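Chains R and B, in that order, give the protein sequences.
Each step along the first sequence adds one to the number in this note's numbering, with nothing skipped, and position 157 is 157.
Residues are numbered in this note's numbering as their position in the second sequence, beginning at 1, plus a constant of 1000.
The hints are simulated quantities; they were obtained by calculation from the structure and are not laboratory data.
Hints should not be assumed to be uniformly reliable.
[Unchecked claim] Chain R regions said to be covered by chain B (calculated; three or more residues, Cβ under 8 Å):
1. 102-114
2. 121-133
[What the hints assert, rightly or not] Here are some chain R residues pointing at chain B (derived, C-beta under 8 Å):
3. Trp59
4. Val117
5. Ile136
6. Leu140
7. Ala147
8. Leu148
9. Arg180
For clarity, every value in this text was computed on a predicted model and none was experimentally measured.
Backbone N, C-alpha and C define an ideal beta-carbon position, used for all residues, glycine too.
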Amino acid sequence: MGGQTRKLLYLSLLVATGTVLHVFEGFLPALGALPGAKLGLANLVTLLTLALYGPVETWWVVILRVLLGSLMGGTLLTTTFFLSLAGALGSTLVMLSAVRLGRGALSLVGISVLGAVAHNLSQLLMASLLIQHLGIFFYLPYLLLFALPTGYFIGITASCVLRVFPPGGRQGEWKKHPVRGVVPRAWNM
Amino acid sequence: MCAKRGVPVTRADKLILVVVLGLALGSFALIGLRRAAQVRPAEAQVVVEVDGRVVDMFPLAELKPGERRQVRGPLGYSVIIGGDNKVRMESSPCPDKVCMARGWISLPGEAIVCVPNHVVVHITGSLPEKSYDAVTQ
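Can you make the complete structure from the sequences, with help from the hints?
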């Protein structure tokens, strides 16, 4: 299988997995009075794409995942969709910046926590735009507190998946990868 | 099984965890302090907004326990109900009912927000001049 075909195949698998996680997360009931407090399962796929490929591929996977996930979950162009989109774009922007600025100091765990915090912030920003009121930022401390464990465990899960997911990674190259602990170029890209 | 082999949590990761935890706890402390310092002013007003426009405004004391008011948003009518100098969302046409789960609000600065129905109910009222009986120095 050629490098490009292989890459296309794996990116499609990542989009598919992200879509399923996105829809599945939508089925989970809201946690009491905490809107936007969720596990961030779909962020797992974003982290994997970010570690295995580059920024361009990550944006593709994130945007396709949100569009397809909202389409299948029946939330396309509703309030939920705009909140999802804002959260996904905001967290991706912050996570990609963290990879670039972190210069190997951060692992997927730190990047994931930053992404979770950015997700909450951009969702609240979008929500306050939708309702033309800043009162919703009242929830921020609760969301921040919730983002810690969820971001942490999603980050750990992503590093665990990466250990088995890329078959035949070249072990010697990990130090050059912008994310600590990631074995890059698992398959010829 | 994976975690046993050492998950790569770096020093920078831990720094991020500590900073976020600090921000969260700090803002909780700020909110708590503000609330503790606050005395319910007699002139507290309930302000009801839809899409950022004030559609209703009345003194909190005027809303009797059990009295209801309807607010029309894009999804339908949200109903607020009064209590003993407090107010809560009694029913709402939104799917997640986060606004109803918010419960009673009574102090200036507190708000009930319903994102799907674009309804915001918040309380305003000037802070009292002096919140403490005395301060020792």
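A quick look at each hint next to the structure:
1. As drawn, the region 102-114 of chain R meets chain B at 9 residues by the rule of a beta-carbon pair under 8 Å; at three or more, the given contact holds.
2. For the region 121-133 of chain R, the stated coverage by chain B holds: 5 residues have a C-beta nearer than 8 Å to a C-beta of that chain, and at least 3 were required.
3. Because the beta carbon of tryptophan 59 (chain R) sits about 23 Å from the nearest beta carbon in chain B, more than 8 Å, this interface hint is broken.
4. Here the hint on valine 117 (chain R) is kept, as its CB sits about 6 Å from the closest CB of chain B, short of 8 Å.
5. Because the smallest distance between the Cβ of isoleucine 136 (chain R) and any Cβ of chain B comes to about 5 Å, under 8 Å, the interface hint for this residue holds.
6. Residue-level restraint check for leucine 140 (chain R) holds (minimum Cβ-Cβ distance to chain B is 7 Å; threshold 8 Å).
7. For the restraint placing alanine 147 (chain R) at the interface with chain B, the shortest Cβ-Cβ distance is roughly 7 Å, inside the 8 Å limit, so the hint holds.
8. Checking leucine 148 (chain R) against chain B: minimum C-beta separation of about 6 Å stays under 8 Å; hint holds.
9. For arginine 180 (chain R), the suggested interface contact is upheld, since its CB lies about 5 Å from the closest CB of chain B, less than 8 Å.
In terms of the numbered hints stated before, the structure departs from hint 3 and from no other.
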